[in-house]
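Student: Each chain sits in its own coordinate frame; assemble them with the hints.
Protein chains in written order, with the numbering used here: chain A, 15 to 130; chain B, 629 to 1375.
Any given hint might turn out to be false.
Straight-line distance between alpha carbons at most 16 angstroms, and here's what the computed EDC-like set of lysine to aspartate or glutamate pairs gives [what the hints assert, rightly or not]:
#, chain 1, residue 1, chain 2, residue 2
1, B, Lys-841, B, Asp-713
2, A, Lys-78, B, Glu-899
3, B, Lys-882, B, Asp-871
4, A, Lys-78, B, Glu-708
5, A, Lys-78, B, Asp-707
6, B, Lys-882, B, Asp-905
If you want the footprint, here are the derived chain B segments under chain A, 3+ residues with CB under 8 angstroms [to be verified]:
#, segment
7, 710-720
8, 839-851
9, 958-967
Since the hints were derived computationally from the structure, they do not count as laboratory data. Think of the CB as a built atom: it goes at the ideal place given N, C-alpha and C, for glycine as much as any other residue.
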Amino acid sequence: MLFINLICLALIGFIVWWFWLYSPEAAVSQEGIEIVVKDGVYTPSRIKIAAGKATTLTFLRQDKSACSATLQLPALSISEELALDKPTVIKIPATTPGEYAFHCQMQMYKGVLVVE
Amino acid sequence: MDTNRVQLNIIGAGCASCVGKIEKALKSVPGVDSAEMNFAERIVDVSGSATPEQLITAVEAAGYNATQLQAEASFDAMDEKEQADLDYYHSLLRHTFIALSVGIPLMIYGLFIGEMTVSTTAEQLAWGLVGLVTLSIMVLSGRHFYVGAWKSFVHHNANMDTLIALGTGTAWLYSMLVVAFPTLLPEMARHVYFEATAMIIGLINLGLALEVKARGKTSEAIKRLIGLQAKTARVIRDGKELDIDIAQVLQGDKVRVRPGEKIPVDGVVIEGSTSVDESMLTGEPIPVEKHIDSEVVTGTLNKSGAIVFTATHVGKDTALARIIAMVKRAQNSKPPIGRLADVIASYFVPAIMIIAIVSAMVWFNFGPEPSMVFAIVSATTVLIIACPCALGLATPMSVMVGVGKAAESGVLIRNGEALQTASKISVMVLDKTGTITQGSPQVTDVVVTQASSMDEQGVLALAAGIERHSEHPLAEAIVESATRREIELEDVEAFTAISGRGVQAQLNGQSLLFGNQALMQDYEVDIQAYQAKAQLLAAEAKTPMYLARDNELIAIIAVADPIKPDSAEAIARLKHNGIKVVMLTGDNQATAAAVAAKVGIETFFAEVMPQDKAGKVAELQKEGEIVGMTGDGINDAPALALANVGFAIGTGTDVAIESADITLMRGSLHGLADAIAVSKATLRNIKQNLFGAFIYNAAGIPIAAGILYPMFGVLLSPVIAGAAMAFSSLTVVSNANRLRLFKAKAH
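Just chain B, with the same shape it has in the complex (with noise of 0.2 angstroms):
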């Protein structure tokens, strides 16, 4: 039978001594092999042929409950999360349909048909069974108000349906006192609003149905992410093949994708060679070329070859799984500027309970007759139009999106505080190797002499045969570039390495050096004829190396790391934001200046030693500088923590996520360009969103409370604070949205 792996999560394990129970019932299971539990996270770890229910029933035998503890970053936990809504969605349409069936009617009564007073006994009779009705519609539609309200209430705590419950509930409760005792009130004051209760349960639970839909699109980055993910794999196990559930594949196991497929979980190949399409987690578009002992990814797309592979990382450890589940970290973490509405919020629906009270305090003192009913009203509509929903989703919702937005273009931010930050950078600081240059150093140029009478391809296998010996990082760069090339490397005899110049050998009873300028010249080998091809390569930022075979020069290959080719292109787009570029490298003063010259960076800092780059950056702070760091995040840690947004760069998707405050999935520098882009255009959504619910209340607040009324003899209807209350949430939830659309290459 096939080895599970379940794990189960315990309630009601209230002491340590519960453990040993828990597991003695677990593996009394048949079938179960093992099972040990985590105190502290509540969680045991079961492996065995045993189903979960049999297990949860173990448990459950031994006096405790147990759940499935889902995968994290499942399929299923998002179906059932999307199923949830969509029911959610339904019932408040349901409410709404259902409030506003009554509240429409009697609206157009009370507009155009007849006077919503009461007077006479048969209007006494008539107006009480609309209550009645009104109160049905209250119990039906609007119970969650009501039951949330008490609830909080109890908890000396207060929130939205405080405020609706208390808003619904003054209209009706005054209206039915105008039923009942018609006339303990003045004759001007005998109105009822029940329609405003009914109108005002229908709108607000209409702009709840909205609001979960607008929200569903905001976490379509994240869906898109767990979507990559495969649903079974095809493991190799005792000779046998057999597809599996990627929630039952095995570190170790071995997994074979055919072309077309996805990579069901992280691991090496080992057999058969073909290109990966890694762009939907870096946005990189050109395939990656895969071969024997290289890394292949959870959700990217194997192209054209079959491979088998194995599984290294799986489950909640794959890199996908890690970068879902930061991107939802980071999704809901808020970013500073969302502070003062928090602790606003926090404050604010006693404050709204307090400013109704006092609103129709003033207008029962001062206000024109009938004072009662004008008291009424502006107390109603203050509590009704008050809407703490709109500052409390200001920040996070475009948080929600920017995040997912960045994700999607290869771009992992830790949190709100680096995508805030990230906005503000004045200097961008970027290492050299790795970075601005591709890292990895190369042959560019083979250039033969006329006294050689050899080609390149014997050059080469001449300078790789004596460089294979060498130790030099250059060295690696010349053996690589023959090898690739497929050439057989000469064997050399009598090596020896001259420090600080090259190196020596032999071949054939011929004495061969190949090494820097000050080589030749101790050997007294003519270069004259080449200096001028020497200088030249040093200009393009090569190092130029001579080869001379006894005595005589007969080859310089130049060896550079070369820039990447987009390099310049995502420089040129931060310059255009307004960020200063400045570059630093451990590399001499010509080589700097060249790679700065090539990539549009005036100003750079050669010769800079890797502990001196944190040094760097806080001069910089020092000069009142924001400053971004970008490097390799291995060799440049101490300077990417020390900078107010550390960048760390990767190669596909080999990169340590955990590491910086923003991790760019793809090595090219135009990631940079979008990770700033992004960032901008999310705060900018995020200050019109508090600027919007800041403006709504501040405005709406005080003309609910009737300030128009003494100038202008406006006061506005508890129902249109019901309509403007349950779209002030939803427009923010839908500007939000509007960064969905938002295209970082053009900025």
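Next up, chain A with everything else stripped away, as it sits in the complex (with noise of 0.2 angstroms):
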């Protein structure tokens, strides 16, 4: 009984720690790469970009649900549809330091745009 408890709080405990405590992963540079787009997950999903300059983020989106098919980044006001099975490339206007969150319509899927 006790011991049931404990294990219920203990899953509970992992997954604040795990969910929204877990301090992420570092940062890909962007140079050069392509942010797989596949099974709910961006990969990577934390992208380092240089401040103060204009870039792009090229995305290849292998996943056919409908959700994953819209990149949005409020932040910077970006929008845009991704072509299945295509790298889609993403204008990045130059921006202020700091980190971005980029999502899908429905926030399953998650990235950050790291600005340095």
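Tutor: What follows is the structure, given as structure tokens:
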């Protein structure tokens, strides 16, 4: 009885830590990479770009689900349709340093643009 | 050979030094005239006769990857997307069929035939077999949920897949535990839930399939716009006519269009004349006459004559391509009303997992026997019923349909925010010239006096003959009116302008005066007999001008900027929607009053200098009003920018579509009323969707957790939860689709 309760509490603690508190993996530099959109995740999902310089990100969507089709980066008013199985180039305007979230329409896919 | 322009998207070019390498590789391909790479965009522009395949091979040989960049808004891209959606739809239906073919018989057995419990060894074996069949269903029909859930988990992310995988996985694992070690559990708890796993996987696949279908409909408006594009164009190169793909048409090409054909690219007519139906872009039903030097626009339909025009904008620079790009962008943007739902959606899934565990703990510790079963069932049901998708879809689906609907009636909405604000406008400020009126003064009346011994034509020939020397804005209207009636102008001499009065000239030794009342008084011309007539004209918002020969009045010519025929009706629609309408004009008080009275506007400000228009908007805003400002987008730019929503009113397709929050493609103010009606309808639709999604989750999750059990003894079955979840997002998409039936004119 107590054992099962303890397991449940540990699970809750784990969920809070794993999904909300965990500090994310190191950002990958954007230079020449392609972000694969598949199975509910952007790979890589943390992208580093230089501040104050316009650049582009290339997305390759390999997921047929309708959700994955739209890429949104609300802070920069970006909202683009990603082609299936074909790279889509998204223009990123020059930006001030900070972290900018990008995601699909329903926020199931999530990624962060780290501007340094 | 033909010269093509191919754009390649380069993958793997990490450093600026790659640029030279790639360009060099491309230039070495036979037939390539030039290759220029934009490093920031990783796009290389190649022109020459080489095929895209040859170019890609060359890039690959240099150690990079390349794909051909498709022209925006092309047919093929849309077809491909539709094909992909269709494939996806069929695969989802297959998954549904497989899962339900196991789930439904199991459910029927559990409900009507036997107990789904395990106590004997035979039952252990039988249910063990069913468990394995269910596992194969999970692999065959539900693999995408589990793979997605795992990949997200590894990335510290959780989504809908996570919930479905956890819910179905829990039910299956518990059931297998019962099958393998029934003695570990109290007898009442030895129940298996394989049917739940199979049914949930089937139903959610079915929900996704129907959603894909419904989503396809939401983009119908954009499909229609893309469909306006012709596939080929007939160009004249080196004196020869050839039919080529529109992607190959170059700026400066001469393009021939025959009656009944679509205009393939934007251009300026250099030969022939015709009338063109532009209703598909502007919503304006009357065809527009086109002569030499008229602009023609991609996607419009050539009705009567054959023309040749010079291509001025091709590819993604055409007005149609820009409109499509703008509508697409706007369709994907979110109005502020959706932000709360977004914030909730981003914390949703982990929160649901926690709620599921807490619910299980409550049942386990305080629930009736078999508490273990109740705990597992409630946790599974909570995981399954929660639907972040409905929340996430509520806003974008409606915006998609609403923005598309607006585009169909020639209203281009810049983004979701403009859409939302437009629905809340309390005061609409209208500029007079070019907005309420047509913006081009015309001769409206010619009154010939008894003393003249001339007809209207003769009078106009004289007046226009004088006025063609003048630079006054009204002079242009008179000259134009005479030219239009093909009247030969008189050759007058000794022209002198009298500032603020009019002009003086000579013809065959007779002295001529043309100007306002003050000019007549200065020269003591008797206008008494026609004074009343002149006042009548002024009261109709017309400007009377007097023509005298040898100090004798021979005619009154009235010039006015005619009010658009449907302005009054459209303004009545705005007022009917509870919007206060205010008119601004630089014109004098009398004309302003006359125009305002004609179109039914009570509040107007006359003699407002262009630079003071923004100030008026600010004043209204200070009074707490949400101000919409409508103008031609050029002279009114500051006021348009300051207003809560700026509407640029176009004449035909000649509009600066980037300049305002909302662009009205046709000149009619009905577009304005349509824009507001559509925005109100869209916002209403979004609110319904958001309300539905919130209520669904807020009510569904506690019920799934078993909140009704203590009072009513009701606990939701995980299968019902699966059905509810599958259809909740479908409901949202379908409700958004309802907007497609919306008719703006009725509002």
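Student: Look at each hint and say if it fits the structure.
Tutor: Going through the hints against the structure:
1. B/Lys-841 - B/Asp-713: Holds. B/Lys-841 to B/Asp-713 sits at ~8 angstroms (cutoff 16 angstroms).
2. A/Lys-78 - B/Glu-899: violated (49 angstroms)
3. B/Lys-882 - B/Asp-871: Answer holds: B/Lys-882 to B/Asp-871 is near 12 angstroms, not above 16 angstroms.
4. A/Lys-78 - B/Glu-708: Judged against 16 angstroms, a Cα distance of about 12 angstroms means the pair holds.
5. A/Lys-78 - B/Asp-707: holds (15 angstroms)
6. B/Lys-882 - B/Asp-905: violated (21 angstroms)
7. 710-720: holds (count 5)
8. 839-851: holds (count 3)
9. 958-967: Coverage by chain A holds here, the residue count being 3 at a Cβ distance below 8 angstroms.
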